[in-house]
Each structure stands twice: as structure tokens, then as C-alpha cells.
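Trainee: Sequence:
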Amino acid sequence: MARKALLLVVALATLGGCLAPPSQSQRVTDSARELNLATRFGRMDVALGHAAKGAQQSFLERRTEWGKGIRIVDVELAGLSMKDEMNATIQVDVSWVRVNDDTLRTTRLAQVWRDDGGWRLVRELRMAGDLGLFGEPLPAPPEQAGQRDVQFATKIIR
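Sequential numbering from 20 applies to the sequence shown in our numbering.
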């Protein structure tokens, strides 16, 4: 009898942890992960559901080249800071390449989220990293006229 009572107590104690609702930080992290993974794979319809109404147009305009001139290689949530229970900032690292260039670039974004009956992206900005992810004009590459490639110099033996 004591064994059954002990098993019942252990079962109830472990099940109690499963029934706890997710915290605000877990909820905003889940929303941010869903939005960023959806954008990585070109599912803008899914991602738009996580953007606030006032931010949706800007969200789409900033990503017009994604999947065309820019290929997103990876997105990673790099940090979370909760200002209060209703506002959070998520840092996101985006790895990307231009389709006509093999250089892997990385840009860190700060995404501002607000809980208005569900976590929504309010605005975002580039914190660090490479320009060009959102269509910013890039500086012209340095001219290399007259230089020959010496990385793998060829020697002819006769």
C-alpha cells in the first residue's frame, strides 16, 4: 500500500511540471524562432503572421531580394533581453550569400517584439555585420586591374 502511495505522489509531482504554462520568454523565443525559420525557407506568409500590422509592409520590403538575389544560409537566435513582461528584444544572426558571389556574409539583427495578445515583431534593425541583407547599397569592390592571381602560382618545369 505504501508503495502505491509513493508511486502516486511521484507521478503527480512529475506531471505537475508538465502542466505549467510557458513563460513569457519561452513564448517570445518560440515566436521569433518561427518567424525567422519561415523567412529562411521563403515562407513569408507564415512569417507575416508574426509581424505587427504596422510593421508588415516594411518587413516585406526589406526582404524583397531574399530567395532571388540573396540566399539565406542560416538563422540563429543569439540573445534575448526582456525589457518587461510585454516587450523584448531578440538578437538574430543571419548567414547569407549573394547568388552571384560565393562569399558567406553574416549580419546581426535586433528584433523588437511586443505582446499584444500574442508576440509580434514591431521593428528590426541591423546591429552589426555585413551590409546588403536588406538591400542597402554596397560600396564598389576595389579595382584589381593588372593584378594576376598568385594564390596558386604555376611553375612550369622543363
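None of these hints come from the bench; they were simulated from the model. Be aware that one or more of the hints could be misleading.
[Claimed, not checked] As a list, the in silico EDC-like pairs of lysine to aspartate or glutamate whose alpha-carbon atoms are at most 20 angstroms apart: (1) K102 with E143; (2) K72 with E143; (3) K102 with D49; (4) K72 with D134; (5) K72 with D121.
[Unchecked claim] Distance windows between CB atoms, simulated: (6) M101 with G68: 54 to 60 angstroms; (7) L56 with Q76: 47 to 53 angstroms; (8) A39 with G86: 24 to 30 angstroms; (9) N106 with G68: 46 to 52 angstroms; (10) K102 with P156: 29 to 35 angstroms.
Think of the CB as a built atom: it goes at the ideal place given N, C-alpha and C, for glycine as much as any other residue.
Trainee: For a quick check of understanding: which of the numbered hints are violated here, in increasing order?
Mentor: Numbers 5, 6, 7, 8 and 9, in rising order.
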